[in-house]
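Protein chains in written order, with our numbering: chain A, 2 to 375; chain B, 419 to 510; chain C, 5 to 295.
Bear in mind the hints are in silico, worked out from the structure with no lab data behind them.
Since we're looking at a predicted model, the values are computed, not measured.
One or more of the hints may lead you astray.
[Claimed, not checked] List of simulated lysine-lysine pairs, DSSO-like, C-alpha gap at most 30 Å:
no.	chain 1	residue 1	chain 2	residue 2
1	C	Lys190	C	Lys287
2	C	Lys292	A	Lys50
3	B	Lys433	C	Lys83
4	C	Lys83	A	Lys16
5	B	Lys433	C	Lys180
6	C	Lys187	C	Lys247
7	C	Lys217	A	Lys16
8	C	Lys187	A	Lys50
9	A	Lys198	C	Lys292
10	A	Lys280	A	Lys198
11	C	Lys190	A	Lys50
12	B	Lys500	C	Lys217
13	B	Lys459	C	Lys180
14	B	Lys474	C	Lys287
15	C	Lys153	A	Lys198
16	A	Lys297	A	Lys329
17	B	Lys503	C	Lys206
18	A	Lys280	A	Lys234
[To be verified] To give an idea of the interface, some chain A residues facing chain B are shown, with a C-beta separation under 8 Å as derived from the structure:
no.	residue
19	Asp190
20	Pro199
21	Ala206
Cβ coordinates follow ideal geometry from the N, Cα and C atoms, glycine included.
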Amino acid sequence: MVGNHAVAYAVKQAKPQVLAVYPITPQTTMLEKLASYAASGELNAKLIKVESEHSAMASIYGAAIAGARVFTATSSQGLLYMTEVIYWAGGQRVPIVAGIATRAVGSPWSIWDDHQDFVSKRDAIWIQMMAENVQDAYDMTLQAFKISEDKRVILPVMMGFDGFVLTHTMERLNTLDDASVGSFIPERDFNIIDFDKPIGIGPIATQDNYIKYRYKAMQAMERSKEVIEEVSKEYSTLSGREQHGLIEFYKCDDADYIIVAMGAWAGDARVAVDELRSKGIKIGLAKLRVVRPFPKEKLMQVKDRKALIVLDRAYSYGSGGILATEVKASLYNANIPIYSVIGGIGGKELGKNEIIGVVEKLLSGKLESEVWLL
Amino acid sequence: MTNIDELAEELPISKPNIGSSGKTGTWRVEKPIIDLDACKKCDICILDCVENTIDKRSDGYPVIDYDYCKGCGVCSTVCPVKAIKMVAEVKM
Amino acid sequence: MNFLKGNAACPGCPIPKELDAILDVYGKKTVIVVPASCSTVIMGDTVLGMPSPVNVVHSPFAAAASIASGLSAAMKFRKDDANILVWAGDGSTSDIGFAAVSGAAERNEDITYVCYDNEAYMNTGIQRSSLTPYGAWTTTTPSHKHEFKKPLPLIIAMHNVPYVATASISYLADFKAKFSKAKSMKGFRYIHLLSPCPPGWKFDAGLTMNIGKLAVETGMWPLYEIENGVFKLSSISKPYIDKAKRKPLEEYLRLQDRFSGLSSEELANMQAYIDEMWNYIAKVNDSKLTP
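Construct all of the structure, not just a fragment, from the sequences and the given hints.
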């Protein structure tokens, strides 16, 4: 299946009740698939054909607090447009799952893949997971529903997968049967609209109070690390496919150098690692499956290495690569060289050869601390 | 099945309460005083009070809850027999 | 149902009374969606609680109609016949949230949308909205606004929704009758209230109910319904088709300082606006507006 259809299929199996999706390249074919599922009755859900992304997130927020399992998907401009409501959902602690087909943001216009849109939401109190391939996109969507509704968590989750590279690429996909999904994701138990116990949801919080709610949210985000690992283990057993929890360490045990990456090009990095290994270079890949919460404890496993290369498909202008900055912060005390590679921005083609090129430059001592692959 | 009880502490919510802005009676600059002799028990002040602070006593006369009456003067304006006077709270 | 006293509404503000009257009709199985507005503040905080006796869902400024759409969909799944009611100001309805309102109306979402129109962005300190009337002072129109009020009820009616009405808390029986009718219907119901604001319109707080009455009696605020596209002037407003029966506009304007200092040209324009509006009403009354 193509990525978009794989995610739509997972969503269908999760049995949401209310969807609201607004079309945007490259997510559109997912919406169309969901619409056809809803029309045929395969998916017993109300698909609200909202008039904007802002309304898409708002509608599913409303449905979610009243007990419905919900889903939306968007990209780029749409994700930015709904930002206000994304923060609202995060701050109010509502279990919601959103699929983000990552795409560069304007200006200038680009419909092609990078991670700017996705990472711009990293402060909004949402759990963020990123898929490496179509299989991941399917698997992670199912796990996302379970994680977000876990009583120890109660946070919205976004599952990012690269636009066009995954959304429109056909790859082999192993799915779970409906009964397995049904037993994996328990019936939704989150509903705060009670006519006998009326409440105000999201009112003004006084200066003394607001910070306490944010503190609780921080604690929930920390607790979610354990829940994500648990759900990952359970899913691994159920599917027979090892999910690897927060980070997958590929050939890292004896590695001198480690590439840190998230998203589809982790797959390219994987191939690069294999090729470099065959040339005798002791290199590995730390694939971040989850970027929020940032798995800094687990990342410590790579601290005693000669160097790290962090691949970034998004940049904080005036600061540095997004992941590079977070990796450096996590490994501050480890005192190892960390190289930041900025590439793939605006959909620029980047594959294993470019990654191998970077590693070879590092080995020859010519790699700058931050390099842009123009 | 709703989860208010287990989640009330964790999520930012509020519950119904009288005096959600405190004892709003302290806002008053002028206080409405009802002359019960003039009062015809027509209930217009009770119905028109925008704050729900005038109740009907068992004997039919209106009684103002001065803890919460904001002193807006609507009752005084709408009383058809001018039985409600607005009196300054503080004597200058 | 009692909207609880001791809330943050300004003295003389009709909002607590309007909500009280609505909940009397709608009852406890109601969820009120409140976007950013005076009502956000009136609804209290996490510590001291809220004056609403029913569930309130707070909403970002532009999102109320959409949140209500989602709530409505969820209630259908729960097989709960709850009333989903949006309680939004003129700013949210006519300006920043307009797209969402139009979208919800177009989809005929099963919600009651109430716009309480205090004719400016009052919560942020009296800035003009597209529903501020011609001639009004606001902080952003200090030399008086020169655009006319956006005819929102008519715009919503042209979306082919089942029910549109204008109402005023100064006419309680008519107010409650319209909400009763709306409650019994399905689909997108829109009720537009003229909600006089003492600090924003600059009138003595005790005059709220009188101002509401004068708005209707001068013809400035016609009370009507548009049911399935058919325009129906409410009985209270029927006399005012006859210009002679309309009270002089002056009686409404002189009580509100926001209308002080108008030039004779501005006054003439305001009078012409009322006359034209009533010519239009006379023409369309009892006929179908929507094609």
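Take a quick look at whether Lys280 of chain A and Lys234 of chain A sit within 30 Å of each other, Cα to Cα. 34 Å, violated
Between Lys198 of chain A and Lys292 of chain C, is the straight-line Cα distance small enough, at 30 Å or below? 44 Å, violated
Given the hint that Lys459 of chain B pairs with Lys180 of chain C, does the C-alpha gap stay at or below 30 Å? 23 Å, holds
Between Lys433 of chain B and Lys83 of chain C, is the straight-line Cα distance small enough, at 30 Å or below? 25 Å, holds
Quickly compare the C-alpha distance for Lys190 of chain C and Lys50 of chain A to 30 Å and report which way the hint goes. 19 Å, holds
Any CB of chain B closer than 8 Å to the CB of Asp190 of chain A? Result: holds, 7 Å to nearest chain B Cβ.
Is Lys297 of chain A within 30 Å of Lys329 of chain A, Cα to Cα? 10 Å, holds
With a cut-off of 30 Å on the C-alpha distance, tell me whether Lys217 of chain C and Lys16 of chain A pass. Distance of about 53 Å is beyond 30 Å: violated.
Is the hinted pair Lys280 of chain A and Lys198 of chain A satisfied, with a Cα-Cα distance of at most 30 Å? Violated, because 67 Å separates the two Cα atoms, which is more than 30 Å.
With a cut-off of 8 Å, does the beta carbon of Pro199 of chain A approach a beta carbon of chain B closely enough for the hint to hold? Interface hint status for Pro199 of chain A: holds (6 Å vs cutoff 8 Å).
What's the verdict on Lys187 of chain C and Lys50 of chain A, does the C-alpha distance respect the 30 Å limit or exceed it? 25 Å, holds
Against the 30 Å threshold, does the CA-CA distance of Lys292 of chain C and Lys50 of chain A hold or violate the hint? It holds: about 28 Å lies between the C-alpha atoms, which stays within 30 Å.
Consistency note: the structure conflicts with the earlier hints numbered 6, 7, 9, 10, 14, 15 and 18.
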